[in-house]
Amino acid sequence: MSSDDDMEVMDPPNVEAEEEQEQQKEKRKPQETSTLSLSSKTKEHSQEVSNDQMDIEAYASLYKKRTKVSRLLFIANHCNNEAMELEALRMAHEEICKGENTSHYKEVCEKINGRLGPAFTLNQEWIDTVDRRAEQRLERLEIELNGYKTNLIKESIRMGYNDLGDFYNERGDLQQAFKNFVRTRDYCTTSKHIISMCLNVILVAINLGQFHHVSNYVAKAEQTPDNLEPLIVAKLKVAAGLAYLENQKYKLAARKFVETSPDLGASFNDVIAAQDVATYGGLCALASFDRAELKSKVIENRNFKNYLELVPEVRELIHDFYASRYASCLGYLQKLKTNLTLDIHLHDHVESLYTLIRHKALIQYTTPFISVNLNRMADAFKTTVVGLEKELAALIMENQIQARIDSHNKILHARHADQRNGTFQRSLQTGTDFERETRAMLVRANLLKHDMVVRGTRK
Amino acid sequence: MENTDSLDNLVAQVQGLSGCTEDLAHLASILKQSEEAISAKGAPRLHIAISLLDPAVHSLGYLFFLDAQSCDPLPKDQAEEFLNTAIHFINVCSKDQIQLAPEKFTMLCKSMKESALQLNSPMRVVLPLHNAILKLQPSPQYLTALHAEFFLVCVLAKCYTSASVVLEEQIFEIDPKKCLITPKDFLLYCYYGGMLCIGLKKFAKALEFFHHAITAPATVLSAIVVESYKKFILVSLIENGQVPSFPKYTPAVSIRYLKTCTQDYLELANSFSTRNISDLQRCVASHEDAFKKDSNLGLVKQVVSSLYKRNIQRLTQTYVTLSLEDIASTVQLASPKDAELYILRMIQEGEIFAVINQKDGMVCFHEDPEQYKTTDITQRLDEKIRQIISLERKVTSMDEHISCDQAYLSRVGRDRSRYDLEDYDLVPQKMFQTS
Chain L
1 MSSDDDMEVM
11 DPPNVEAEEE
21 QEQQKEKRKP
31 QETSTLSLSS
41 KTKEHSQEVS
51 NDQMDIEAYA
61 SLYKKRTKVS
71 RLLFIANHCN
81 NEAMELEALR
91 MAHEEICKGE
101 NTSHYKEVCE
111 KINGRLGPAF
121 TLNQEWIDTV
131 DRRAEQRLER
141 LEIELNGYKT
151 NLIKESIRMG
161 YNDLGDFYNE
171 RGDLQQAFKN
181 FVRTRDYCTT
191 SKHIISMCLN
201 VILVAINLGQ
211 FHHVSNYVAK
221 AEQTPDNLEP
231 LIVAKLKVAA
241 GLAYLENQKY
251 KLAARKFVET
261 SPDLGASFND
271 VIAAQDVATY
281 GGLCALASFD
291 RAELKSKVIE
301 NRNFKNYLEL
311 VPEVRELIHD
321 FYASRYASCL
331 GYLQKLKTNL
341 TLDIHLHDHV
351 ESLYTLIRHK
361 ALIQYTTPFI
371 SVNLNRMADA
381 FKTTVVGLEK
391 ELAALIMENQ
401 IQARIDSHNK
411 ILHARHADQR
421 NGTFQRSLQT
431 GTDFERETRA
441 MLVRANLLKH
451 DMVVRGTRK
Chain G
1 MENTDSLDNL
11 VAQVQGLSGC
21 TEDLAHLASI
31 LKQSEEAISA
41 KGAPRLHIAI
51 SLLDPAVHSL
61 GYLFFLDAQS
71 CDPLPKDQAE
81 EFLNTAIHFI
91 NVCSKDQIQL
101 APEKFTMLCK
111 SMKESALQLN
121 SPMRVVLPLH
131 NAILKLQPSP
141 QYLTALHAEF
151 FLVCVLAKCY
161 TSASVVLEEQ
171 IFEIDPKKCL
181 ITPKDFLLYC
191 YYGGMLCIGL
201 KKFAKALEFF
211 HHAITAPATV
221 LSAIVVESYK
231 KFILVSLIEN
241 GQVPSFPKYT
251 PAVSIRYLKT
261 CTQDYLELAN
271 SFSTRNISDL
281 QRCVASHEDA
291 FKKDSNLGLV
301 KQVVSSLYKR
311 NIQRLTQTYV
321 TLSLEDIAST
331 VQLASPKDAE
341 LYILRMIQEG
351 EIFAVINQKD
361 GMVCFHEDPE
371 QYKTTDITQR
381 LDEKIRQIIS
391 LERKVTSMDE
401 HISCDQAYLS
411 RVGRDRSRYD
421 LEDYDLVPQK
431 MFQTS
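These protein sequences, in sequence, are chains L and G.
As numbered in the numbering used here, residues 1 to 459 make up the first sequence, in order.
As numbered in the numbering used here, residues 1 to 435 make up the second sequence, in order.
Incorrect hints may have been included.
As the list claims (entries may be wrong) - DMTMM-like mimics (lysine to aspartate or glutamate), calculated; alpha carbons at most 25 Å apart, straight line:
1. G:K259 to L:D173
2. G:K309 to L:D173
3. L:K251 to L:D226
4. L:K410 to G:E208
5. L:K449 to G:D405
6. G:K394 to L:D433
7. G:K384 to L:D418
8. G:K202 to G:E169
9. G:K202 to L:D433
10. G:K184 to L:E437
11. L:K106 to L:D173
12. G:K384 to L:E437
13. G:K394 to G:D54
14. L:K390 to G:E208
15. G:K248 to L:E391
16. L:K449 to G:E325
17. G:K309 to L:D451
18. G:K359 to L:E222
19. L:K390 to G:D405
20. L:K449 to G:E169
21. G:K104 to L:D433
22. G:K201 to G:D175
23. G:K178 to G:D338
24. G:K248 to L:E398
25. L:K64 to L:E435
26. G:K337 to L:D406
Treat the hints as calculated values from the structure; they're not laboratory data.
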């Protein structure tokens, strides 16, 4: 019995994975068309962006369940545009009505505040029925769980907790859901159970925004002895990537995203869409990888190429960056910016990622030259000479560019550290430091030897 | 009449026993026994006794009689006379004799310093105290209780340079038995020494002094350490641009409480690290009273001007040429004229290498012309190596000393018998194999 139940739990991801595989079996054709259609969609989407208006419909269709709602709410809160806000709220409303999360419902209705007509006002009746139904279900689940507990059937207890976790998750009580999913841990008997537990916890933790739990449970799942299915590996990679991104460890995040296999598809869209993997991964990689890494791990990475095809702008800007066409690369970035600031995961990091990318571009531009004409460089970066000079000066002071600026003639001169002089300087310095430290140590040793300790007079 | 006899008797003994070493040791014990009897005599009679003795020949006896005079705070005219006699005595006394009674000698020097301070002329005792240190020290590496007094007098008299010989002498030996010093003497030595180094603008050396004070073993926080740390922060900013964190051997009390005692200064350090002049000046203005109270305002002003210099120095790393106007605006100086003055001074002091082109108002920064190719450099290296070798010798000898130390061995032995019995087995086996 237990194995049957187990299959039920594991079902949803499995079924999707099989579907995916079937799709792949059909010799890629459908997938290609689907990517095509998607890319065309995103192209429209980019045109909309230039009009300072993103296509929320298309965006929202990439996600499902809770993340859809939270993303829409996030857009509503951050877009500063009433039409867009209402659009986002309307769709959030639709999505919420499918579920049982009454607290979200109340929040959205409050936000809409009657602006969308009578169909979107607060429906107390609906809330009451949903709440009542939920209460009954909760009661039933708890009774069941207690029954299992008295019978001490491990597998059933696990299932009971899982059901409760699912229930709370649907109701939007993430803390409780988290607790219940974590509790299943004691009743896991196979590594499959552990993985499903980890995935559940990760999902809830991402929604809760508690990313240290995410990385913890990713590590736990990866430690299971069995070989993981590629889909699960991909899910874990993405989750880990998100956690790193949130902690501003862009390089590690980029690695994780880039390593994600294309098996993921749309199967994880209650957290993240494949397009996001491309965007997050692409931007993090640009900001943190060096040129060689960028080539080997991003541009020549077949797996990641599949993702990049979904978001042509990101693909283009990565190629532009690699080919040193900085003006067009920065242009793409600028176009993407409004969209990205409305992304629930990326918005905090857009600015820092952009500065990192810009800095890298500046550094890369100057590296091969002995001297650079600032006027031409300013053209390449579509900026003024004065501004460029300031940026370069900042980078030089941070020791990121080895060069000096001839402000009079507007030329940047590369500077090569003289190894010999440096060595002399360093060795003299080290000698002095060593001497000082040793003397201090000797004095202290002598103080201790004679028990010369500063003590209080009163005791 | 008994009293007169004993004093006369003592004088006679001093005269008789000041010859050879054994006699002197005997004399020292006699004098120590009759210490109270001596101080019980009135000043006029001691005067007569002293007049019968020669400070150079009968130094030990002279020391005891002279010190007995100084017990009470003296009225002004007597202080003057006492000061003269003491200075003369210290200059001519015999090193061997006074080392038999170091505590007496230290006390005499301290009362001499007090009288000098009372007469508002610390300058007069600068040289005598230096002499006194030389006579009291068994070797130049010993710290004496007089070091702190000497440094204090130098600070008060603003005779920074006369202290430089003593400052340069590296102190290693701190032996309370031989030199009668207390932890407080050591801390004061470090504090005043640091202040003298600041006066001489030897900031690195000053840091070393303060560092000694801060990391000196302690179970309570001393006010001297707090003041030292305040100055340490300021001098670190001037010299290195940042305040280092406490080394791990710093006593726990200092780590825990020093930062709370020096909030104003740490805020200053924070605003310094932003490299923003206006921030720093705002911070200085808001804490001015505290700095004034600690009489550190002068140092704080040096900190501010060092930030200007530091910012200009950073520009030399970044630019080959830059107009004076740009320099003034980047480092927030009022006018290009000010910038020119700063740069001129820095070029003169060898802090930067640059040429000012007044016609275009441009400054051309050069790299450090030092090529490390001259014999000068090799000599410096050589000297450094030699210093380090001698230091290394000291460390080795200390290491040997510790490995022979009873307490250390018993401690180590105890641990070892518990953990690796193999150590004991290895030796006989090895002997077996070789034989």
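Against the structure, the hints:
With a C-alpha separation of about 45 Å, the suggested pairing of K259 (chain G) with D173 (chain L) is violated against the 25 Å cut-off. The straight-line distance between the Cα atoms of K309 (chain G) and D173 (chain L) is roughly 59 Å, outside the 25 Å bound, and the hint therefore fails. A threshold of 25 Å between alpha carbons decides the hint, and for K251 (chain L) with D226 (chain L) the separation of about 28 Å lies outside it, so the pair is violated. A C-alpha spacing of about 44 Å is found between K410 (chain L) and E208 (chain G), which places the hinted pair above 25 Å, so the restraint is violated.
The straight-line distance between the Cα atoms of K449 (chain L) and D405 (chain G) is roughly 11 Å, inside the 25 Å bound, and the hint therefore holds. This hinted pair checks out: K394 (chain G) and D433 (chain L) have alpha carbons roughly 17 Å apart, not beyond 25 Å. Straight-line distance between C-alpha atoms of K384 (chain G) and D418 (chain L) comes to about 23 Å, which keeps the hinted pair within the 25 Å bound. For a cut-off of 25 Å, the pair hint linking K202 (chain G) to E169 (chain G) stands: about 14 Å separates their Cα positions.
In summary, the hint linking K202 (chain G) to D433 (chain L) is supported, as the alpha carbons are separated by about 16 Å, within the 25 Å threshold. Distance check on the hinted pair: K184 (chain G) and E437 (chain L) sit about 22 Å apart at the alpha-carbon level, within 25 Å; holds. The straight-line distance between the Cα atoms of K106 (chain L) and D173 (chain L) is roughly 14 Å, inside the 25 Å bound, and the hint therefore holds. Distance hint between K384 (chain G) and E437 (chain L) is fulfilled; the C-alpha atoms sit about 14 Å from each other, no more than 25 Å.
Note on K394 (chain G) and D54 (chain G): the hinted pairing is violated, with a Cα-Cα distance of about 41 Å set against a maximum of 25 Å. Taking the CA atoms of K390 (chain L) and E208 (chain G), the gap is near 38 Å; set against the 25 Å cutoff, the hint is violated. Proximity of K248 (chain G) to E391 (chain L) is assessed by CA-CA distance (about 39 Å); at most 25 Å being required, the pair is judged violated. This hinted pair does not check out: K449 (chain L) and E325 (chain G) have alpha carbons roughly 59 Å apart, beyond 25 Å.
The straight-line distance between the Cα atoms of K309 (chain G) and D451 (chain L) is roughly 44 Å, outside the 25 Å bound, and the hint therefore fails. About 70 Å separates the Cα atoms of K359 (chain G) and E222 (chain L), which puts this hinted pair outside 25 Å; it is violated. At roughly 63 Å between alpha-carbon atoms, K390 (chain L) and D405 (chain G) are farther apart than 25 Å, so this suggested pair is violated. Among the hinted pairs, K449 (chain L) with E169 (chain G) is consistent with the structure: their alpha-carbon atoms are about 21 Å apart, no more than 25 Å.
Between K104 (chain G) and D433 (chain L) the CA atoms are separated by roughly 40 Å; this puts the pair beyond 25 Å, and the hint is violated. For the hint linking K201 (chain G) to D175 (chain G), the alpha-carbon distance of about 30 Å lies beyond 25 Å, and the restraint is violated. Under the criterion of a C-alpha separation no larger than 25 Å, the hint pairing K178 (chain G) with D338 (chain G) is inconsistent with the structure, at around 56 Å. With a CA separation close to 29 Å, the supplied pair K248 (chain G) and E398 (chain L) exceeds the 25 Å bound.
Taking the CA atoms of K64 (chain L) and E435 (chain L), the gap is near 66 Å; set against the 25 Å cutoff, the hint is violated. Taking the CA atoms of K337 (chain G) and D406 (chain L), the gap is near 21 Å; set against the 25 Å cutoff, the hint holds.
Hint compliance for this structure: hints 1, 2, 3, 4, 13, 14, 15, 16, 17, 18, 19, 21, 22, 23, 24, 25 are not met, and every other hint is.
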